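Residue numbers (the numbering used here), protein chains in the order written: chain S, 1 to 445; chain Z, 1 to 183.
One thing to keep in mind: the hints can contain errors.
Stated by the list, open to error - Calculated pairs, EDC-like style, for lysine to aspartate or glutamate (alpha carbon to alpha carbon, straight line, at most 20 Å):
#, chain 1, residue 1, chain 2, residue 2
1, Z, Lys172, Z, Glu121
2, Z, Lys109, S, Asp180
3, Z, Lys139, S, Asp180
4, Z, Lys33, Z, Glu136
5, Z, Lys109, S, Glu173
6, Z, Lys132, Z, Glu176
7, Z, Lys2, S, Asp180
8, Z, Lys109, S, Asp98
9, Z, Lys40, Z, Glu131
To be verified - Ranges of calculated distance between the beta carbons of each label pair, as one might list FRET restraints:
#, chain 1, residue 1, chain 2, residue 2, range
10, S, His9, Z, Glu131, 32 to 38 Å
11, Z, Ile83, S, Val169, 39 to 45 Å
12, S, Val169, Z, Asn159, 32 to 38 Å
To be clear, the hints were calculated from the coordinates, so they are not data collected in a lab.
Since this is a predicted model, take the numbers as computed values, not measurements.
Glycine residues also receive a C-beta, built at the ideal position from the N, C-alpha and C atoms.
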Amino acid sequence: MNSHHRWLHEQLPQWERDGIVTAENARSLRQRHPLDDSTSGVGQIVMGALGALLIGAGLIAVIGYNWDDFSRPVRLLFAFLPLLAAQIASFRVLQRGDAAAAWVRETVALLQALATGACIAIVSQIYNLGGEWPDFLFWWMLLSLPLVWVLRSQAVAIFYLIAIATWSVSQIETGRAWHDSPLLYPLLLLGLLPWWPGWPPKTALSVSVRWVMTISAIFGLCSAAVFVCEQSDRFLSFQFETAMWLWTLTAAAFALFPLNQAAFEEPTRRKPQVVLGSLWLLGYGLAMTNHEIGRDILMGVSRSIKLPWCWGLLIVLILFVLHALRRRRWAVLSLSSIVILPLPSWLTMNAMNSVSQSMLSLPSWLATLHLAAIGLTLIVLDFSGRRGAPRFGALLLSVLIILRMADSHFSLLAKGVGFIVVGIAFLAFNLLMSRRRRPSTLPAA
Amino acid sequence: MKTLPIIIFGIAALAQWAAPLAQIWTHEQTLAKGTLIRLKCVAPDPYDPLRGRFLAVRPEQDQADVPAGMKVERGMHVFATLITRADGLATISQLSLTPPTSGDFIRLKTRYAYDNKATIEWPFERFYINEKLAPEADKWFAENIRTAQGIIAEVRVLNGRAVLADLSLGGKPFREILKERVK
């Protein structure tokens, strides 16, 4: 936000000279949006973090050389001295409290996290300890986590988020106990709670941390979904489809993740969970319009519904839906409802205890109608003077028509003509929207 | 200055020391007081991005008999009783779910069991080496791994814990051989 304020302060003198604002207005604006020189810029934080990273990486490389000529105690001293130095530096920063610059806080926290990793590495090297790198990563990230809480370090939080996702992906292997598998991911993610939202609630997360957190959660929770599928039955048929429905439930939970009023009013690009969750749901919906894929998804649903993980996701989703209904988040609610489209077929098939061709094709038809309704609504809303997204609506309809035609048994000639017609209609609509949006010229003074 | 962050920081700093120190303590105990056993090894491997160059040490024996009535599952921790053969090399005589009351034993993990035999995972697998000596070590390992006497892993064993102390060939320590070759 400080960069916006800085930009405003740079513009004000010129605006005053041009008569756009009066001196009084300019003073009011300066008071309303003051420059806070106590906070560090992004550049300073990045440079600090980079410095710490280089020192940490250097330490690890020096350790990797394996100093054969030194005795064990001397080599252990190499491990503990950097850790002690980093801990003393962190303690000094902690003592200074809010007076410490953000970039210094980030640097010492990252340095301490890296020194901890280097220390564990050198000890395991000296004693020829076994164990794979995920075990090493697990202990490293856990020992670094408190630094996120006390030093409020974004850099270490990002490291932790990447580490827990990497660890979860590496643990997808049948036969592991739950506490050594990706099922631990939600608990590991909750480890960040003392930092975010923190107590008492502090400032909102930065956009970069939100993106890393979302991507980490995608990898972590999707790994857990794959793990439960493999764990339930190694030779399970439609295993990919089963995991896919669990991923889609996760995507819907992402899109519907509860937001407070301030977050609700933020632009969508600052809400990566909504962007990525919605993109997955759209892709899933479009794929389901294909009859064969729709059938496979239905098979996946009937298998995943037996898994406790699926029921956990459904409960979370219902809670999120209730919250979204209270907040009137109609757009994400309509998109998220794509996830339940296979359920009518599944329920009917279960009730009748038989499989019919029409029931197998139903998800595909429902997905087509649902997406078409979303596309049309987005256009109609705009034309009725409310907030819509007409171009996106038209794009969705065009993609739907193209997909349905590709899936049909029409001749190549008919498909070609169809594509041309859709293309022309799309361009014409775009032209129409440009004319509608053209700003009216200012009346002459 | 707030007290809670300082307390949490203090605990974290102590944990950052305690984790490696606990490892050092148990491994030093094993190296100092443990029984020396010798195991014949197979196959090398080269590099760990965080801990540098190493030789992958895999004892020749990778299966052990499962006693009747003992149910072994994948990833299970079991105790392997070790006996020393006439040639001085150690071998696993039996597996059990509880630590044996006498003799040397190692706590290890099972991979899978089939036909009353369990595939085992030794608790050591890497021997870290100096970067300068690593290329020569690779050559030495390749040259000697298939010879009749083979490369021997010298392991110290105490209360089920095993620490890989050295590698040797014909009774001569690995590092000495390498230093002579590099000269």
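Evaluation of the provided hints:
1. With a C-alpha separation of about 27 Å, the suggested pair Lys172 of chain Z and Glu121 of chain Z falls outside the 20 Å cut-off, and the hint is violated.
2. Distance restraint check for Lys109 of chain Z and Asp180 of chain S: the Cα-Cα separation of roughly 14 Å lies within the 20 Å cut-off, and the hinted pair is therefore satisfied.
3. A distance of roughly 37 Å separates the Cα atoms of Lys139 of chain Z and Asp180 of chain S; the hinted pair therefore is violated under the 20 Å criterion.
4. Using a Cα cut-off of 20 Å, the hinted pair Lys33 of chain Z and Glu136 of chain Z is violated, with the two alpha carbons roughly 32 Å apart.
5. Pair hint Lys109 of chain Z plus Glu173 of chain S holds up; C-alpha atoms about 16 Å apart against a cutoff of 20 Å.
6. Taking the CA atoms of Lys132 of chain Z and Glu176 of chain Z, the gap is near 14 Å; set against the 20 Å cutoff, the hint holds.
7. This hinted pair does not check out: Lys2 of chain Z and Asp180 of chain S have alpha carbons roughly 36 Å apart, beyond 20 Å.
8. Our distance criterion of 20 Å between C-alpha atoms is broken by Lys109 of chain Z and Asp98 of chain S, whose separation comes to about 49 Å.
9. Restraint check for Lys40 of chain Z and Glu131 of chain Z: the C-alpha separation of about 24 Å exceeds 20 Å, so the hint is violated.
10. Distance hint check for His9 of chain S and Glu131 of chain Z: the Cβ-Cβ separation is about 54 Å, which falls outside the suggested range of 32 to 38 Å.
11. Our hint of 39 to 45 Å for Ile83 of chain Z and Val169 of chain S holds, since their Cβ atoms are close to 41 Å apart.
12. The beta-carbon spacing between Val169 of chain S and Asn159 of chain Z, approximately 35 Å, falls within the hinted interval of 32 to 38 Å.
In terms of the numbered hints stated before, the structure departs from hints 1, 3, 4, 7, 8, 9, 10, listed from lowest to highest.
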